[in-house]
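If you read the protein sequences in the order shown, they are chains A and B. Positions 214 to 586 (the working numbering) are the ones given, in order, by the first sequence. Positions 214 to 586 (the working numbering) are the ones given, in order, by the second sequence.
Hints may be right or wrong, so weigh each one.
Unchecked claim - Below, simulated DSBU-like cross-link-like pairs (lysine-lysine); rule was C-alpha separation at most 35 Å, straight line:
#  : chain 1 : residue 1 : chain 2 : residue 2
1  : B       : Lys362    : A       : Lys218
2  : A       : Lys455    : B       : Lys218
3  : A       : Lys218    : B       : Lys244
4  : A       : Lys285    : B       : Lys416
5  : B       : Lys244    : A       : Lys291
6  : A       : Lys322    : B       : Lys343
7  : B       : Lys244    : A       : Lys224
8  : A       : Lys455    : B       : Lys455
9  : B       : Lys264    : A       : Lys343
10 : A       : Lys459    : B       : Lys494
11 : A       : Lys459    : B       : Lys218
12 : A       : Lys218    : B       : Lys264
13 : A       : Lys416    : A       : Lys218
14 : A       : Lys327    : B       : Lys244
15 : A       : Lys459    : B       : Lys346
16 : B       : Lys494    : A       : Lys224
17 : B       : Lys264    : A       : Lys494
18 : B       : Lys218    : A       : Lys396
19 : B       : Lys459    : A       : Lys346
20 : B       : Lys224    : A       : Lys396
21 : B       : Lys224    : A       : Lys455
22 : A       : Lys393    : B       : Lys264
23 : A       : Lys264    : B       : Lys327
24 : A       : Lys455    : B       : Lys327
25 : B       : Lys459    : A       : Lys224
Claimed, not checked - Simulated coverage check for chain B against chain A, where a stretch passes if three residues somewhere in it have a Cβ under 8 Å from a Cβ of chain A:
#  : segment
26 : 219-225
27 : 289-303
28 : 388-402
29 : 441-448
30 : 454-465
31 : 552-558
Calculated directly from the structure, the hints in this document are not laboratory data. Owing to the predicted nature of the structure, the values given are computational and were not obtained by experimental measurement. The beta carbon of each residue, even a glycine, is placed where N, CA and C say it ideally should be.
Protein chains: 2
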Amino acid sequence: MEFNKVLNDCKIYEAGKPIELVVREYGVDEKDIIKLASNENPYGTSPDVTKKIQTLAQNMFVYPDDSMYELKEALSSKFSVHSENVIIGAGSDQILDFVIKAKCDENSKMLMSKTTFAMYEIYGRQTGAKILKTVDDEHNLEQFEAMYKEHGADIIFLCLPNNPLGECLDKEEVYNFLSKIDKNTLVVVDGAYQEYASFKNTKKAISPSDLIEQFPNTIYLGTFSKAYALGGMRTGYGIAQKNIIKTMYKLRPPFNITTLSLAACIEALKDEEFVNKCIAKNFEQMKRYEEYAKNKGFSYIESYTNFITIKFDNKYISSEVAQQLLQRGIIVRDLTGYGVNAIRITIGTNVQNTRVFKVLDTVFEELDKEENL
Amino acid sequence: MEFNKVLNDCKIYEAGKPIELVVREYGVDEKDIIKLASNENPYGTSPDVTKKIQTLAQNMFVYPDDSMYELKEALSSKFSVHSENVIIGAGSDQILDFVIKAKCDENSKMLMSKTTFAMYEIYGRQTGAKILKTVDDEHNLEQFEAMYKEHGADIIFLCLPNNPLGECLDKEEVYNFLSKIDKNTLVVVDGAYQEYASFKNTKKAISPSDLIEQFPNTIYLGTFSKAYALGGMRTGYGIAQKNIIKTMYKLRPPFNITTLSLAACIEALKDEEFVNKCIAKNFEQMKRYEEYAKNKGFSYIESYTNFITIKFDNKYISSEVAQQLLQRGIIVRDLTGYGVNAIRITIGTNVQNTRVFKVLDTVFEELDKEENL
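Model the full structure from these sequences, guided by the hints.
If you want it as structure tokens, here you go:
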């Protein structure tokens, strides 16, 4: 069977390893496994949301309200936009898919940071678009600007803050950059971790309503998977000018989120206190990782997210560290696939992190021993 | 903002009207609304599945096992195929999307019945492919064959049984047709309602393993949305030869179903007794619709699904009937958009159907009165 040639160059996204796999492959007891690989909210879903879903579970046979009226109203109110400025996706990933499929074909160009969210490139390759990347791993707007001047681009991706590295540009420098971009170039501002960044430093805060008003060629992406603790429910959203949203709707499959996802997100938006508590705890716990890295002499990227990227330079090989952790039931993300000798660890709960440091100590001892053999 | 030109010809799918909308727009009390528009299983989700999801609701913050190991194992075992022959989608719709995007571009052709599942055409138009349709509304394999001989096709869609009409081809005639199709033409056998068809008449039964073994250029699609009563959880699957499945994986976004969908489907497969009971009741209740139509002098299409299509010929206008029902809290699907003067009604429970017949009587009286004014 022959398929479109453009698929020959397509890679399959490698998701963080699930707990189930570690049980199956390494025989670790499920209760001993700590998964800090996919930047889920380690404090779990808000109890109010859980209760709501338990009550509504019997509705699983019914398709969701495909207009998603109530959720769009709640989001519009939260972000001071109209509901016509909002589209809901199966994760913000799906909005990325819409945007890229709507804008790109094999004659198109997409510009992004060297090390950023893998799905930009994966969806891009499905259209045959040319992928342009800056030289630096972290977002460097001078490089973005130079490359844009030289090559142009149909879409530019700014991941604010950036996954999987954690750094975040200031709003002011982003706006300054956007003012130099052509009106027909779509700029995706991926705010999957914005709740964390704006909590830590208001200079990083991007307001979707202000963004799309000042720059009608932008689309802001948000998600319920991180701070809102609903990673498993696959719901995100896009906020943009009406003409952009209307086009995205042409690509949206009906019923693109589940009945329970819809209900969970509506409920989650009513419990912002939970979200803020989780974010505060996140940054408290992050300090422990910074301290740990400093004590071990590792460098790390200052993070505006719920994860931290620890670099091993020439001290260790990140894939070996990750593998050793995995065998001991701790799942982190090895960034070798991104071309970086580092691991990305989701900031866990106090108890989880204490165990991580202990196991990390053992792993480094083990690796040092092997080194000396 | 300019987007790909191919989107100019794209339509937005109009989903069945949700209960929430009828409450909002017509002020009907939620408890008085009967939704028989989207072919959900009216007997609701299996109590075992509901219980399981209530227990697991607190896991909503965790991404699903993206390998979907357990669900794929359960499906492979059910259908006597290897797990490498299976791919899971956010509804079987998503597998359709993969198949069409993998195989088609603006130089491609897709062949389908005149009146069939709308998403074939909608996804097709997103690629710019040419849509070829038979003259007859219902599947007519002679017409399929003649058109295939004349124009060729990259993908052929057989909806068995057919949504939104309800008719179903025999396995034997399907196999005979397939034997004449070129190996590089992909044939999609959409079995969303197969559980119903094979229950009613074993001649309609298609075994996915036998199908893909005899015809390696086919892909079988199944869903948890209908007989398995999980419409709201958006999960379906594709079964095909490994090379086809492998290509589909290149288009599959990570975590394409929710954590709770995954768990619900695994549980649902353990309760086949529930499914069979629902199907038996469905056909018992369908007889009442057939009787009702006969008494009123309406024709209907013999249905192998959980819905029935009642035609009004020149007696009534289906959109008026549907609108009158809607105002009284009964949601059915008007097929005007498909170019057919008919309504499609999901076969409800005994109590629901009794009320439907009563309200239908009122509606026809009302329309007769208007006619005579």
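query = Holds or violated: are the alpha carbons of Lys416(A) and Lys218(A) at most 35 Å from each other?
reply = violated (45 Å)
ask   = Going straight from one Cα to the other, do Lys459(A) and Lys218(B) come out at no more than 35 Å?
value = Holds, at roughly 14 Å.
request  = Starting from Lys264(B), check that the Cα of Lys494(A) is at most 35 Å away, please.
outcome  = holds (32 Å)
request  = Please count how many residues of the segment 219-225 of chain B have a CB within 8 Å of a CB from chain A and say whether that reaches 3.
outcome  = Coverage by chain A holds here, the residue count being 4 at a Cβ distance below 8 Å.
inquiry  = Checking one constraint from the list: CA of Lys393(A) to CA of Lys264(B), max 35 Å. Satisfied?
reply    = Violated, at roughly 55 Å.
request  = Starting from Lys264(A), check that the Cα of Lys327(B) is at most 35 Å away, please.
outcome  = violated (46 Å)
inquiry  = Please verify whether Lys459(A) and Lys494(B) have alpha carbons no more than 35 Å apart.
reply    = Answer violated: Lys459(A) to Lys494(B) is near 42 Å, above 35 Å.
request  = Check whether three or more residues of the segment 552-558 of chain B sit with their beta carbon closer than 8 Å to a beta carbon of chain A.
outcome  = It is violated, with 0 qualifying residues against the three required.
query = Would the pair Lys455(A) and Lys218(B) pass a check requiring their Cα atoms to be no farther apart than 35 Å?
reply = holds (18 Å)
key: Three-residue Cβ test at 8 Å for the coverage of the segment 441-448 of chain B by chain A   = Since three or more residues must qualify, the claim that chain A covers the segment 441-448 of chain B holds, with 6 doing so at under 8 Å.
ask   = Against chain A, does the segment 454-465 of chain B show at least 3 residues with beta-carbon separation below 8 Å?
value = holds (count 8)
query = How does the coverage statement for the segment 289-303 of chain B fare against chain A, requiring three or more residues with Cβ below 8 Å from a Cβ of that chain?
reply = Violated: only 1 residues of the segment 289-303 of chain B have a Cβ under 8 Å from chain A.
Hints 3, 4, 7, 8, 9, 10, 12, 13, 14, 16, 22, 23, 27 and 31, counting from the list given before, are not met by this structure.
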